[in-house]
Structure formats: structure tokens, C-alpha cells
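Protein chains: 2
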Amino acid sequence: MEHNLPHTIALLSRTPAALGALLRDLPEGWTLGNEGENTWSAFDVVGHLIHAEQTEWIPRAKMVLQFGETRAFESFDRGGHEREIQGRSMGQLLDEFARLRSENLGELSALNLRQEDLDLRGRHPAFGVVTMSQLLATWAAHDLTHLHQISRIMANQYREAVGPWSAYLGVLQCAGHSAPQ
Amino acid sequence: MEHNLPHTIALLSRTPAALGALLRDLPEGWTLGNEGENTWSAFDVVGHLIHAEQTEWIPRAKMVLQFGETRAFESFDRGGHEREIQGRSMGQLLDEFARLRSENLGELSALNLRQEDLDLRGRHPAFGVVTMSQLLATWAAHDLTHLHQISRIMANQYREAVGPWSAYLGVLQCAGHSAPQ
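Protein chains in written order, with my numbering: chain A, 71 to 251; chain B, 71 to 251.
Keep in mind that the hints were calculated from the coordinates and are not lab data. Backbone N, C-alpha and C fix where the C-beta goes; we use that ideal spot for every residue, glycine too. Some hints could be false.
Claimed, not checked - Every beta carbon over 10 angstroms from chain B, so not counted as near; a handful from chain A, in silico:
id : residue
1  : 77
2  : 147
3  : 153
4  : 155
Unchecked claim - Partial pick of chain B residues on the chain A-facing surface, computed with a CB cut under 7 angstroms:
id : residue
5  : 91
6  : 99
7  : 207
8  : 214
Use the sequences and the hints to build the structure in full.
Next comes the structure, spelled out in C-alpha cells:
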């Protein structure tokens, strides 16, 4: 489907509750396990979602409005979540993510974007010209890529436990890993 | 990690609320879109989860207890969800999934499995001997494979909308599709 701003907002507004329902008070065997050296746990991913709320979506939308194509977005710091997660619990991260998402959806609403604003152009540091519409669609798809990643990381904790069923579980065959945005 | 029955139950008990938070009242552009001909929408996947609750996990656990390796499980009917979804809304499917899951966790509890029961052996129609432990771990991993699938199906609806960001979104590169259980 084409990008539809109300659909994007509908998804963005649901992700914090969906992650909360899945991850809050879940045993740490699920949430702190990763996929091997230099990979993330579900806990790390929630930290990354917090960091992206702080530095990526609304700041970039404002850059599109203010500078258009003349100035490239700041590069996203893929390790930037590390200070977010230090000494915190999953419950605290989930609360923080929900609070930031709610604030950012408020900011988005306050930008009062008209249909024609979705065609405004900005500049991505790696691949050049992008549109406001693409940026906002990516905000929603980024939630989905990390929900996809969390389910894959957690399934990996049972890779041996499922025995021969591993052949039938697509999540255990997934090689669709994300790069920085 | 090794299979841990309380961890399995913790995950199984959270999935209905997580799917509800994500999918309830979400625009149909997200929930009825699929990945092309002969593929499932998120709506179909919730129907499949209902069908699996009805025919797969607890019935198979009871077969392990009653027949051990002497009798193979019924094959799972991958099209069996079609009568579940006919004429129903996403909200109805989510309610039905939550109700069945809760009943089945009650049945699991009533089986009162001891640690040594997890080593009991049953027979899968395709790959032969499996254990009770593998069956129950697969129940949880099956939730995760379908959460992984739902996030991939929904992200696919924005494949074009994200423009050049598609290169960075792992969910759009995923080829980890599931086979019947």
C-alpha cells in the first residue's frame, strides 16, 4: 500500500503497548539472551528504540521542514542505546519508550503536516534525497523490523530446545538482519 | 537456553495480549494485506494460531501421555484456519485466541507434569520420535515464529513507501518462512 499517515500513526501508537505486553516481567532468560557475540538482546533492542525516539524521527522531520535538501541528517549512532540501558530494568525501558513515543506523536501532530508536506525533501547522509513521507513510513517499518528482530532473538533461545521442529520454524531460518537507519 | 517450563508458560501467557495490543482496531490496510498470491495476512495468521490451539499443542501432549511413541500425532492441517476466520473480525479472532490460550494453559497446568514427564517420548508424523519437552518448547517458539511473520507481513505493506530505507530494514530482507508444524 502507499504511505498513509493515519495508518503510520495507528501503528506507532500501538507498539509500546505491544512490547510491554510481550516483555514486561518476562523471565530474563528470554529478554537478556542474544544471538551470539556482538548481537543484541531484546533488552538492547528496547534501548535502541528509545535512542531512536530521542535522536531520529522527529529531529529528522524537523530538519526536512527547516533545511530541506540543503543539510544532511545527523548519522544515527547505533551504539547510542548503551547509555540508555545502563543500570536500568526492562520495565523502566518500556516505560521510557512509551513516554517518548507518546511525546513524539504529540510533536508530530503539532507539526500539522498537510498532504503536500509529505512530498518535502530532505537529505540522508548515506543515500541522499528522501521525502518526508519516506521518513515517516520508515518510522513505522522500523518498529516492525525490531519486533521481527525481538521475536527472532527470543526464538533463538529455544533453538536447541525445540529439537527437530527447528526445521519447520521460519524464525530460526531468518537472515534478515537490520543495518543502522 | 535449555527448555524451562515456567519460561515457556510465561511466554505463552503473554502472546494474546501482545497481539491484541498490536492488532486490535488497527486499520485493515495493515491487517488484511499479505505478501502476494497464496500468502497469509496478519488476519490469517491469528486464525492459524486459533486452529493450532484447538488441534495441536494440548491434544499432542495428551497423545504423548496416552500413547507414547506407539501412535503418531495427527498431521496438522495448514488450511484448517480458513473456517475459523470466515465472516469474523480481527477483534473476534483475538478474543477467541485469548480464550483458547487461557483454557489450554489451564489444561497444561491440570496435566501436572513433573520434570521427568518432560522426557516422555511421542511420535511426530514427519520426523519420528520427539519429547514432551520439545513439543512444549515448540508451542512457545511457534508463537514467536508467527509474531516474526506478522511483523514481516505488515512491514511488506510499506516496502515501497519507505523508499531507499528498504536497504536498511532487515525485516524486508527476511526469507525465514515457516512450514506446517
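Task: Per-residue hint verdict: residue 91 of chain B, partner chain A, C-beta under 7 angstroms - done: With a minimum Cβ separation of about 4 angstroms from chain A (threshold 7 angstroms), the hint on residue 91 of chain B holds.
Task: chain A contact restraint on residue 214 of chain B - CB to CB distance below 7 angstroms - done: holds (4 angstroms)
- [ ] Grab the minimum C-beta distance from residue 207 of chain B to chain A and call the hint holds if it beats 7 angstroms, violated otherwise.
- [x] Hint on residue 207 of chain B: holds, closest Cβ of chain A at ~4 angstroms, below 7 angstroms.
Open item on the list: At 10 angstroms, judged by beta carbons, does residue 77 of chain A keep clear of chain B as stated?
Closed with: The claim is violated: residue 77 of chain A sits with its nearest Cβ about 5 angstroms from chain B, within 10 angstroms.
Task: Assertion that residue 147 of chain A lies outside the chain B interface [Cβ separation over 10 angstroms] - done: Non-interface label stands for residue 147 of chain A: nearest chain B Cβ at 15 angstroms, farther than 10 angstroms.
Task: Verdict on residue 153 of chain A as a residue remote from chain B, using beta-carbon distances over 10 angstroms - done: Label holds. Min Cβ-Cβ 23 angstroms, cutoff 10 angstroms.
Task: residue 155 of chain A remote from chain B - nearest C-beta pair above 10 angstroms - done: holds (20 angstroms)
Task: Interface hint compliance - residue 99 of chain B to chain A, C-beta minimum distance less than 7 angstroms - done: Hint on residue 99 of chain B: holds, closest Cβ of chain A at ~5 angstroms, below 7 angstroms.
Going through the hint list in order, the structure does not satisfy hint 1, though it satisfies all others.
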